[in-house]
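K.L.:
The task is simple: from the sequences and hints, build the whole structure.
As they're listed, the protein sequences go chains A and B.
For the first sequence, my numbering gives the first residue as 24, with consecutive numbering after it.
For the second sequence, my numbering gives the first residue as 24, with consecutive numbering after it.
Calculated directly from the structure, the hints in this document are not laboratory data.
Fair warning: there could be bad hints in the mix.
In this list, chains with the same sequence are indistinguishable; a pair is considered to hold if it fits within one copy or across any two.
Said to hold, decoys possible - Straight-line C-alpha distance at most 25 angstroms; calculated DSS-like pairs for lysine-lysine: (1) Lys221 to Lys244; (2) Lys166 to Lys221; (3) Lys244 to Lys146; (4) Lys164 to Lys146; (5) Lys221 to Lys145.
Number of protein chains: 2
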Amino acid sequence: MVKQREKRGGNVHDRLARSIGERILAGEFAPGTLLPNEAEWGRIYDVSRTAVREAIKTLTGKGLLLSRPKIGSRVEPRDRWSLLDRDVLLWHRSAIDRRSFAASTQEARRIIEPGIVELAAKKRSAEQLEILVASLEAMRKAKSVPDLVAADVGFHNALLQAANNALMMPFGILIEQALSSLFDYTTQRNPKIGIAVKLHEDVVRAIAAQDAKTARSAMIKLIDDTDAIIAGTKSRSKWTIC
Amino acid sequence: MVKQREKRGGNVHDRLARSIGERILAGEFAPGTLLPNEAEWGRIYDVSRTAVREAIKTLTGKGLLLSRPKIGSRVEPRDRWSLLDRDVLLWHRSAIDRRSFAASTQEARRIIEPGIVELAAKKRSAEQLEILVASLEAMRKAKSVPDLVAADVGFHNALLQAANNALMMPFGILIEQALSSLFDYTTQRNPKIGIAVKLHEDVVRAIAAQDAKTARSAMIKLIDDTDAIIAGTKSRSKWTIC
DNA sequence: CAAGTGTTTTTGTATGACAAATAAAAATAG
DNA sequence: CTATTTTTATTTGTCATACAAAAACACTTG
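P.N.:
Here you go:
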């Protein structure tokens, strides 16, 4: 019985899914591994088989497992995992060290976001531009670091929205995790956000002008700035959030 | 009772999840809509509540639904949907028309893949390069169109692998769907694949030389070629697959 | 009118019983 | 002795039933 593992919050099958999911992402059950069967999980966590099955259905839906009669549930190869799923990404994040998480999210953002702002510059509606401007304003008004991160997430989500491509939306989760993990690197109480806001403004200005090229380079600068923060303020004198 | 809807293949809860998932993606249940409760689903499809619940857990895991006691299951806003999930993407694909699916996947590829090949050029291991070369060979040897598509999918997956960024892996599903949807546009029995293979070779050559810039532009040409196919061979004289 | 209280609806959880699938072992045929 | 078929055992799949817990809503009461 692993009562300790039963995390606070939520119902049994969700907690179970989370616990098993975390253990898979942490590498305790490698791809190809045969998991304990349903009855055994029930014994291990002291829950009913119903709850176990529902948890397993959740994990199967996220591409982590594959169940077959007489076999059991096997961990799927990593390239089947829905890493851009909210939960899976969170489990992944807490399974690896902060620096390599930051490194791979930044690498991903560097691929995606310049393309996103180009699309946004070309295809944004007037309304989407307004939302973008409003997000900018929210960033300016933010008083605490969590507020700023929230506003920043809102900004990048508005960007994603403005790109008008549904297939790109799943990236919002990645950006959200990237930005809130960035929180780890901003130990100062009152970070200077002037520069970050300016960089964001540059992006919006270019999008307003429907200038894709300028928008792209502005976004690259913004990501460079974030990299600088992660690198530990070695290349910049003031800490910013982006 | 909607016995007709019970698609062939698979177990009850999977079929149910697929059916409900398709209906959501088709827009029958808009975001924010309250679905029938579990008992009702059971009556509608003539299955047990257990099966309904497992199906709902699957859909919830994919970000399509949110269930709460006394409320029921509500369809989540679109930006919560895991569109890059294998099943969801498939449902999405069959819910919209071919041309707009092709358009948005190509748009997405145009953002992602140039970045991917740059990473691959910089970070690929010797072994990953070998796999890439082998995929190329498989494309050359392919006799039927399905074989070619399979080999092509293998190639682009190898590319993704060579980029060495786990967060990019979920894109494999998108590329896979994009390429196999391309199948719709290749009505000819024996498409000329010479040009396509050459374009793929250019990419591999640049990656072998660790030349990121050349790799990027080679990939862009490759995607241009695919666009030409979709456009209906207006700008090219020979049909190719890519 | 406000605050708390109860009612009712829906999901959440547990248990028990079989069905179906299938890998592995055993029996059988060639 | 090998190949094929049959049996068996294990695990997931499915169903039915019962009760618990959460929470919106109506209602009562101060």
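K.L.:
Determine for every hint whether it applies to the structure shown.
P.N.:
Now the hints, each set against the structure:
Proximity of Lys221 to Lys244 under the C-alpha cut-off of 25 angstroms is restricted to the intra-copy arrangement: shortest distance 11 angstroms within a copy versus 35 angstroms between copies. Taking the shortest alpha-carbon separations for Lys166 and Lys221, only the intra-copy value of 17 angstroms comes in at or below 25 angstroms, while the best inter-copy value is 56 angstroms. With identical chains, the CA atoms of Lys244 and Lys146 are at most 25 angstroms apart both within one copy (22 angstroms) and between copies (23 angstroms). Within a single copy, Lys164 and Lys146 get their C-alpha atoms no closer than 28 angstroms, and across copies no closer than 41 angstroms, so neither meets the 25 angstroms cut-off.
For the homomeric pair Lys221 and Lys145, the shortest alpha-carbon distance inside one copy (22 angstroms) is at most 25 angstroms, but the shortest distance between copies (32 angstroms) is not.
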